[in-house]
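So you can see what is in the structure, the chains are spelled out below.
2 protein chains.
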Amino acid sequence: MPNQAKTARGLPAEALELVAARFRVLGEPNRLRLISALEQGEKNVSELVAETELTQANVSRHLQTLTEAGLLGRRKEGLNVFYFIADESLFKLCDLVCSRLQKELAAKAASLKG
Amino acid sequence: MPNQAKTARGLPAEALELVAARFRVLGEPNRLRLISALEQGEKNVSELVAETELTQANVSRHLQTLTEAGLLGRRKEGLNVFYFIADESLFKLCDLVCSRLQKELAAKAASLKG
DNA sequence: CAATAATATGAGCATATACTCATACAAGAA
DNA sequence: TTCTTGTATGAGTATATGCTCATATTATTG
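Here the protein sequences line up with chains A and B, keeping their order. Using the working numbering, read the first sequence as starting at 3 and increasing by one per residue. Using the working numbering, read the second sequence as starting at 3 and increasing by one per residue.
In short, the hints are calculated from the structure, not lab data. All clues given are correct.
It does not matter which identical chain is meant; a pair holds if it fits inside one copy or across any two.
Below, simulated SDA-like cross-link-like pairs (lysine to any residue); rule was C-alpha separation at most 20 Å, straight line: (1) K105 <-> A23; (2) K105 <-> G75; (3) K94 <-> A15; (4) K110 <-> G75; (5) K105 <-> F86; (6) K45 <-> F86.
All values derive from a computational prediction rather than experimental measurement.
Use the sequences and the hints to build the structure in full.
Pasting the structure below:
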């Protein structure tokens, strides 16, 4: 196969577990909201709490999950902690899913019209 | 602007819920194994059960989840039901995650060597 | 030092979901 | 029809995880 490259082909179950874990981190809407909020640039926890209207504890936990997964980075500045996107492939991932979903919804809408 | 949950790129929280749901479907290692098995082409449930060594009930449920998400397609042929990849963007998604994980693991390995 | 502010975390609850067992359903064969 | 095979599903259990409350931790200020 000429185009074997880096697809999931032949990946052992152990590797798929890692891939699944990465997808699982992205499978939480509030985490996506946090990522989305950070597209504009780094923000501290308080700003993210205000923007998302989630509790501080909840935001903190989600940020920890995202940081441990390597998706976000952390920077302390005095009392504040600033978080920022550390994995630029996030945007490609979301774009892929979004465009796919749009395609599916468009097809569904068309089928409803006959 | 009204008090709306803010997200960048003009994606409302409602849309992010759909995106998250799609990621969640991919966040299960056995589902990734099924997808991986189908890269070679369509297979019926029995073949997938043999290949993954999961129970038939479990495989059937995962296939249902993947099909309802639009990732797989279904084709009945007599007693057999064949499943196949219906969303080619799956490969790009996995490619992105895999290459990113490889990069992270390589960096971690290098840091362990000092 | 104590007080304050920003963030993190332990504990407990609630929900979601992956799994299994048993059984139901579907489609061909006898 | 009945029997057999392949697949789907209802029910129950176990575990994972998202959430909140309260408290702990960290860093700054007085």
